[in-house]
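> The primary structure of each chain is shown beneath.
2 protein chains.
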Amino acid sequence: MTQSTGSGESLEESPTITGVGMTVFTKKDERPLLELLATAADRALDDADVSPTSLDSLHVGNAAAEAFNRRSGLANALTSELGITNVTARRIENTSASGASAFLDAFDAIRSGRSRVALVVGGEKMSSADTATSTEIISRITHDAEYEQGVTLPSFAGLAADRYFRLYDADREDLAHVAVKNHDNASQNPYAHFDKQVTVEEILESPVVADPLRLYDCCPTGDGAAAVLLTTKNNGVEVAACESAVGTHAVADRPDPLEIESVREAGNSAYASADVTPADIDVACIHDAFSILEWLEVEELGLAERGKAWQLTVDGTTDRDGSLPINPGGGLKARGHPLGGTGISQIVELVWQLRGDAPENRAVSDINCGLAVNVAGFGNNSVCTVLKGEEA
Amino acid sequence: MTQSTGSGESLEESPTITGVGMTVFTKKDERPLLELLATAADRALDDADVSPTSLDSLHVGNAAAEAFNRRSGLANALTSELGITNVTARRIENTSASGASAFLDAFDAIRSGRSRVALVVGGEKMSSADTATSTEIISRITHDAEYEQGVTLPSFAGLAADRYFRLYDADREDLAHVAVKNHDNASQNPYAHFDKQVTVEEILESPVVADPLRLYDCCPTGDGAAAVLLTTKNNGVEVAACESAVGTHAVADRPDPLEIESVREAGNSAYASADVTPADIDVACIHDAFSILEWLEVEELGLAERGKAWQLTVDGTTDRDGSLPINPGGGLKARGHPLGGTGISQIVELVWQLRGDAPENRAVSDINCGLAVNVAGFGNNSVCTVLKGEEA
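Line order of the protein sequences matches chains A and B. Oh and the first sequence: position 155 is 155 in the numbering used here, straight run, nothing missing. Oh and the second sequence: position 247 is 247 in the numbering used here, straight run, nothing missing.
These aren't lab readings, by the way, just hints derived from the structure by calculation. Keep in mind that this is a model prediction, so the values were computed, not measured. Wrong hints could be hidden among the right ones.
The list treats identical chains as interchangeable, and a pair is accepted whether it falls inside one copy or across any two copies.
Once the Cα atoms are required to be at most 25 Å apart in a straight line, the calculated SDA-like pairs of lysine to any residue come out as [as the list claims (entries may be wrong)]:
#1 233 <-> 256
#2 27 <-> 70
#3 233 <-> 113
#4 28 <-> 206
#5 233 <-> 167
#6 28 <-> 136
Next comes chain A alone, as it looks inside the complex (with noise of 0.2 Å):
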């Protein structure tokens, strides 16, 4: 096992984790963008005990600043809020994967040997966006020819929902337990956008969004970052894998509107590089934009069988206490899902789990490896990370 020693010379071993930190991820937040990232951003590096001059390099996660806030030239603005210079940054995109695109590029830039000291800050502010503005960049994210015809990603969410409860034994009611178990989780993480609880009934009696989903199966949008400190140091959270892949662009396209192939791939690759199977997964953060998502991707990542996923809803598996917790923070779907913060919060959630620095209320025990995946559209592109705790 060596160091990096710098600019050239490539790491032998896996990337850690030494700090994390976020902000509260709300409807609002009256702070602007880059005082939201450079929050993010110092707690991160207050955790890790890291000044900011020993930063090689700044890796910005953020789906949309021109259009939401007007502002570009993100990450070197970040870097004048931290008061550093000589460092490489860059803003890295991928819609709602940005943040953890951005995680990547610098877990590549670590193990290139470009950057010994990465830090990495995925934040958005959409409330500054008008509603035509944000409608508009987020419907877009989906093909061209979809996008033409009106076809929105609630409304891919809602046509595969139905689908699945045509195909495997699952209902609407059954779905609703994803929201419940996500909102329960999400009122004992102080971070989180809701901190209330949802009844199977409330969700049933809420507004229809896209038939079948109803609006809390649907996550909120908003402002907030996270961040953490990536390092070549053996004392932190092991980055065992982060791999991605693109999917089919347009749904249209690919042979069953429920499969993700992106999720499946970027799995697959993670799995392999980390050297792990999906049994070997304690805990997992899922991209559950809708919450018919949070089971289509758990079985592209080889968790449940395919048709199964509901039924480690139901009987409990993916409660805090069940043998796989899944959201453990409150996911997309409580924790809130500010685009380029997403990605980030769900490794600051594993990192708290697996340091066992979540509070008591919803502490997951008997931890060692944990995943994380981020999806771009509706499904094109996925990222996908693993990481494993220390005593693993």
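Since the structure of chain A is provided, determine the placement of chain B on it from the hints.
Relative to the frame of chain A, chain B by itself:
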């Protein structure tokens, strides 16, 4: 020397460029942004004789598609245009250095072992945006405090030119020779935005933008895309180094407004990584968004002493047939500046020159080592690349 064998194993030798291509840079290209990117990509793939399905990764450099084109998820949409899945794809943003930052990203992806065949595509379609939007996005590249006081990029450049004239022996007419040279080079480049030569008199008589700078001292923004294919093969142009650095964001905080720390630091890092000195550079593509920047950057890069770069312009050293040709493709000044496309177009030009593929009337002879510098904002983040020809 070993070849990469896949994820996790890193590369012992420098990545090489085996294909390049671009669209004609112009004020307004009727094709959508995605088609511009796909066209440049196809040309680079054809030049390399590589099928899109051979790609491991796609790196898109673009500054502001959400704001300029109301388009999000550009990297994923481009994979769809190219008909590929199962690659790693993301967009890199670093304002006017988005192109070179995407190139650096691909360089690291190769060196980290993630990718063996990486396509970098940079482009922008600015003609779609209304003037208020494009002006605001470009203006917001500066530090918040300076933006709020109304200081724009042209005004920074004007102040720098004025100071240069006061400190050194150059004058307004000497500076005009930068634009004369770069227009002359562009007039021989079928991909350039401007195809006509200009005279010193025309420049001096053109409208004042930010005194002492005239309209013909400022580059045109517009539409265009460029692409390069990076691989691990031995038979291309070697990427001897790609380094970047952040400098002071607020110009007011710099010890001297004529200093561009980020260019100096990125340049020094690149020389060290490539094991060359400024004396080894045979040809350079410099980020001449304003004519005065060509001098300032040439000096920061050690290609001339401080206060002496103007002499190299006036005495013909930087002409195509001089001993150190600068911007043989026309530079930003005359090839044009579609933000995300610029950094890649510099590399395309160097590859053409190093391979001897530039048309006879634009070819620079007896060269083995080329340098490109792409700058974000008014110098707050720079990327410097050193390329070596096959015979180097």
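> A separate judgement is required for each hint: does it hold in the structure or not?
Verification of the supplied hints:
no.: 1; hint: 233 <-> 256; result: neither (43 Å within a copy, 38 Å between copies)
no.: 2; hint: 27 <-> 70; result: both (19 Å within a copy, 23 Å between copies)
no.: 3; hint: 233 <-> 113; result: both (14 Å within a copy, 20 Å between copies)
no.: 4; hint: 28 <-> 206; result: within (22 Å within a copy, 48 Å between copies)
no.: 5; hint: 233 <-> 167; result: neither (48 Å within a copy, 48 Å between copies)
no.: 6; hint: 28 <-> 136; result: both (19 Å within a copy, 24 Å between copies)
Checked against the numbered hints listed earlier, the structure breaks hints 1, 5; every other hint is satisfied.
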